[in-house]
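Kindly generate the complete structure, drawing on both the sequences and the hints.
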Amino acid sequence: KAGVTQTPRYLIKTRGQQVTLSCSPISGHRSVSWYQQTPGQGLQFLFEYFSETQRNKGNFPGRFSGRQFSNSRSEMNVSTLELGDSALYLCASSHGLGRFTGELFFGEGSRLTVL
Amino acid sequence: QKEVEQNSGPLSVPEGAIASLNCTYSDRVSQSFFWYRQYSGKSPELIMSIYSNGDKEDGRFTAQLNKASQYVSLLIRDSQPSDSATYLCAVPAGANSKLTFGKGITLSVRP
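These protein sequence lines map, in sequence, to chains S and U. Read in order, the letters of the first sequence correspond to residues 1 to 115 in our numbering. Read in order, the letters of the second sequence correspond to residues 1001 to 1111 in our numbering.
Treat the hints with care, since some could be wrong.
Stated by the list, open to error - Here are some chain S residues the structure puts well away from chain U; computed CB gaps all over 10 Å: (1) T7; (2) L11; (3) K13; (4) S31; (5) G42; (6) Q44; (7) R55; (8) G62; (9) R63; (10) N71; (11) E75; (12) F100; (13) L104; (14) V114.
Said to hold, decoys possible - Here are the in silico distance ranges between beta carbons for each label pair: (15) G40(S) with V1029(U): 25 to 31 Å; (16) P1081(U) with S79(S): 39 to 45 Å; (17) L1011(U) with T20(S): 16 to 22 Å.
Said to hold, decoys possible - Residues from chain S shown here face chain U by an in silico Cβ test under 7 Å; the list is partial: (18) G3; (19) F45; (20) E48; (21) N56.
Don't read these hints as lab results, they were simulated from the structure. Note that the coordinates shown come from a computational prediction; the quantities given were computed from them, not determined experimentally. Cβ atoms here follow ideal geometry from the backbone N, Cα and C, with glycine treated the same way.
Set out below in structure tokens:
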């Protein structure tokens, strides 16, 4: 069965621009989470979507937003990019139902560089 | 805000040795703990989960949990160069599918 797919894999933007990242979860998974990974801060939780609704939100500014579609695919958007937004953005999917087993299935990530 | 600390590292061990990776957490009510492995340039993958005090063994890997000391560790016996990776400790952060991760410990196994 296909894994989590993220696009694009690499992108370069300049300060002030905006970016949209896409994630297709494993078939049947209804929960999609987004994480930002940087060398200094590690993996930090951005938000989680389940059945098109945001269920959890991390401590990131409002420039970071997301959404989920009826087919469980998710997008995240970062507006007014700053140099500090340069990071690997990881999407993770899980069933999202019942007791959480702790298993998130991560995509390969989208590496964003802001110049 | 639940905190997960992984302060030791990077860690280098010779092939065949035991690698010990440690993690402390701040929330006393945490009930479950997870170890993820991330190879360089790859995404994290779950390798161990532990829910109760004591040890849980899976092949060469043993997770140890001490809730009184708020301490969880991962032991890798007979370390292999293929074990070279960053190991991330994680705890659930509230309801649903949210995890709080430590910053990770990078393990290098020397042939």
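So, going through the hints one by one against the coordinates:
1. With a least beta-carbon separation of about 14 Å from chain U, T7(S) lies farther than 10 Å from that chain, consistent with its non-interface assignment.
2. Consistency note on L11(S): stated as away from chain U, and its beta-carbon is indeed over 10 Å from all of that chain's, at 17 Å minimum.
3. Annotated as non-interface, K13(S) keeps its C-beta farther than 10 Å from every C-beta of chain U; the closest such distance is 21 Å.
4. For S31(S), the condition that its CB be more than 10 Å from all CB atoms of chain U is violated, with the nearest at approximately 5 Å.
5. The claim that G42(S) lies off the interface is violated: its Cβ sits roughly 4 Å from the closest Cβ of chain U, which falls inside the 10 Å cut-off.
6. Look at Q44(S): its CB is around 8 Å from the nearest CB on chain U, not clear of 10 Å, so calling it non-interface is violated.
7. Residue placement check: R55(S) does not keep its beta carbon more than 10 Å from all beta carbons of chain U (closest about 5 Å).
8. At roughly 19 Å from the closest C-beta of chain U, the C-beta of G62(S) stays outside 10 Å, upholding its exclusion from the interface.
9. Look at R63(S): its CB is around 20 Å from the nearest CB on chain U, clear of 10 Å, so calling it non-interface holds up.
10. Every CB of chain U lies more than 10 Å from the CB of N71(S), the least distance being 18 Å, so the non-interface label holds.
11. Residue-level check passed: E75(S) sits 18 Å from the nearest beta carbon of chain U, beyond 10 Å.
12. Taking the minimum C-beta to C-beta distance to chain U, about 5 Å, the non-interface status of F100(S) is violated against the 10 Å cut.
13. Annotated as non-interface, L104(S) brings its C-beta within 10 Å of a C-beta of chain U; the closest such distance is 7 Å.
14. For V114(S), the condition that its CB be more than 10 Å from all CB atoms of chain U holds, with the nearest at approximately 20 Å.
15. For G40(S) and V1029(U), the hinted distance range of 25 to 31 Å is satisfied, since their beta carbons lie about 29 Å from each other.
16. In this structure, P1081(U) and S79(S) meet the distance hint of 39 to 45 Å, their C-beta atoms being roughly 43 Å apart.
17. Roughly 38 Å separates the CB atoms of L1011(U) and T20(S), a value that falls outside the hinted 16 to 22 Å.
18. The restraint placing G3(S) at the interface with chain U is violated, with a minimum CB-CB distance near 9 Å, outside the 7 Å limit.
19. A distance limit of 7 Å between C-beta atoms decides the matter here; for F45(S) the minimum to chain U is near 6 Å, and the interface restraint holds.
20. Given the 7 Å rule on beta carbons, the hint for E48(S) holds: about 6 Å separates it from the nearest Cβ of chain U.
21. Of the supplied interface hints, the one on N56(S) holds, with its beta-carbon coming within about 5 Å of a beta-carbon of chain U, less than 7 Å.
The structure fails to meet hints 4, 5, 6, 7, 12, 13, 17 and 18 from the earlier list, while all remaining hints are met.
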